[in-house]
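Student: Single-letter residue listing:
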Amino acid sequence: MKRVLSVDIGSTWTKAALFDVGSQTPAALRRAAVPTTQDDLFEGVARVARELLDLPAEAPLAPALDDAPLYACSSAKGGLSIAAIGIVPDLTARVARLAAASAGGRIAAHHSYRLGTREVAALESEQPDIVLFCGGTDGGNESYVRANARALSGSALAATILYAGNASMRDEVSGILRGKRLVVVANAMPEVGALDIEPARQAIRGIYLESIVKGRGLGRVRELCAADIRPTPLAVFDLVGMLASAGREWSDTLVIDMGGATTDIYSHTTAFHGEEGWVLRGIREPALTRTVEGDLGLRVSARSAWHTGEQYISQRLGGDHAAGALGEWVERAARQTSVLPASPEERMFDDLLAEACLHHALRRHAGTVEEAYTASGKVRVQKGKDLRGVRRIVASGGFLARRGMRGSTGSASPVLRALAMARAHVDERTGAASLLPEAPEVLTDRQYLFPLLGNIAAAYPHGAAEIAAACLANAHLALPPDSTEGHDHA
Amino acid sequence: MNRTIVLGVAGADCHSVGNRILDAFFTEKGFRVVNLGVMVSQDEFIDAAIEANAAAILVSSLYGHGELDCAGFRDRCVERGLERIVLYVGGNLVVGKAPREEVAAKFTAMGFDRVFMPADDLEEAARLLAADIDGQP
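Protein sequences, first through last, are from chains A and B. Take the first sequence: its position 331, counted from the start at 1, is 331 in our numbering, and no numbers get skipped. Take the second sequence: its position 26, counted from the start at 1, is 26 in our numbering, and no numbers get skipped.
Some hints could be false.
Per the computed footprint, the stretches of chain B lying under chain A, defined by three or more beta-carbons under 8 Å from a beta-carbon of chain A, are [as the list claims (entries may be wrong)]:
| hint | segment |
| --- | --- |
| 1 | 20–32 |
| 2 | 41–50 |
Taking beta-carbon pairs under 10 Å as the criterion, some of the chain B residues facing chain A (in silico) [stated by the list, open to error]:
| hint | residue |
| --- | --- |
| 3 | Thr4 |
| 4 | Val6 |
| 5 | Gly11 |
| 6 | Ala12 |
| 7 | Asp13 |
| 8 | Cys14 |
| 9 | His15 |
| 10 | Gly37 |
| 11 | Val38 |
| 12 | Asn53 |
| 13 | Ala54 |
| 14 | Leu62 |
| 15 | Tyr63 |
| 16 | Ala71 |
Simulated DEER-style distance windows between Cβ atoms [unchecked claim]:
| hint | chain 1 | residue 1 | chain 2 | residue 2 | range |
| --- | --- | --- | --- | --- | --- |
| 17 | A | Ala158 | B | Gly72 | 43 to 49 Å |
| 18 | B | Ala131 | A | Glu142 | 19 to 25 Å |
| 19 | B | Gly72 | A | Tyr373 | 17 to 23 Å |
In short, the hints are calculated from the structure, not lab data. We treat Cβ as the ideally placed atom computed from N, Cα and C, and that holds for glycine.
I would like the entire structure built from these sequences, with the hints used as guidance.
Tutor: Below, the structure is given as structure tokens:
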């Protein structure tokens, strides 16, 4: 038996699990969760680690971790917030968002074209950890890049600026931004439509370790860990990338993590198949991507989720006019983020809001296809990522862990219901439909093990993938009774 | 001098052979070609031109509906900040046989700097393109 300890420091709960990765059948042995200790994140980690290792309080941890190495990820204190800057919304501005999300960031803001005083003021009030500054192909646009470098230079931003734009502008940008903390990497879009987001992703990881981990009381946790601490979404991202190694049935997987503040979608599938009669327009996305929707969440973001999902919800409610009561629920959920639905009506509202979040997050993650008739026959024009090949959807996060398989209003899973509505949606203007999974199997990450397994995915890829596959299929480890709601809604 | 050009076939048109020939030809003539391939919308031409800082956009249209696909092209460039970009269009621009002058007049009125027919000389086009780009302020 080879035991490893994995901890996920959330904004409300510090969750942990003890895994066995050495046996023939790797397994999750025990789970625990304690409230996150906001003043010193180390305290909560130590408490949960002692609990899982059966150590008395105050016992030194380091010796016990010799035969159960510790891995940790964190989304505490707002996680990793990134502002994504690019030029054209469908090109470098989109690439910047994709790179930031795929590095585990929360998109604190995103801007295209020229940063004006208003945009700079918005960035200053947001104070992101990192500004991912893209724009221009190599040897391409200079004017917007120059203007935006000047705007950032004159700002009161404390963030590290990560320049991943036009390579020909590197020297000039470095000169303009010499007063700022600046990191320069290869262009995330060296040619129109061609992506190279890996250097930016790696750099974001480095910046996270150097400036963010240290700044948030994670230094002592890091000293105990066997590997670097990562932002929680990056842990999940890595696990999604590893899942395929657990068997062929895991080769095309989509993972949804819906929380109180955001709805995140991860997918690992070929973005464009190049079938006969299909044409891809715009950027070609990598097989493994993450999108994060800051306006779609069940608690902190309940108001914006309701606003975005208004049409979806009214369609689902039909002639049933519960909108007033729904509004009250939304207000309560937004103000009191730990609230859980108590009555059947509140459960229905929570479900409807969740469905709306899922519906829009899925549509934004997926690419679209529209038909065009040409002299040589019908052609399908694809934009974005094709998810039709996805065979499995894993529902994770507090709400989906509770209700992923069955909604309050019937037997259908909220995921499948939202998916069906999203698949039926056709853009009125262009006739474009979303390229969504066609008949996926929905599995629930009931124990919220994904981030915990993501922590160990790099060191034990096979073990992590095996445990993920096994836990989702059936097995159920009960949480201690005092923390049955040990899922973050933030 | 800036020698970056954006190339593509406009509208619901899948003819890609000519597009590849133009790509190879202009590349050989020393241009940096951003080739968007077939079925390119006006906004995609303009998006690419902005990111790549292109000096010219060369629109091909071969299926006779060029007039529809190219309407408002210059206006859209102006709206999106590309006031001075060189705009060329070429191919089978209209259905049936129409006098060259008539077709040219139509597309020049839309704001295209030059209009080419299928039999036109590519060498001459490359020479004109270089001169037109260099003539831009």
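Student: Hint numbers the structure violates, sorted upward?
Tutor: Result: hints 1, 16 break, sorted rising.
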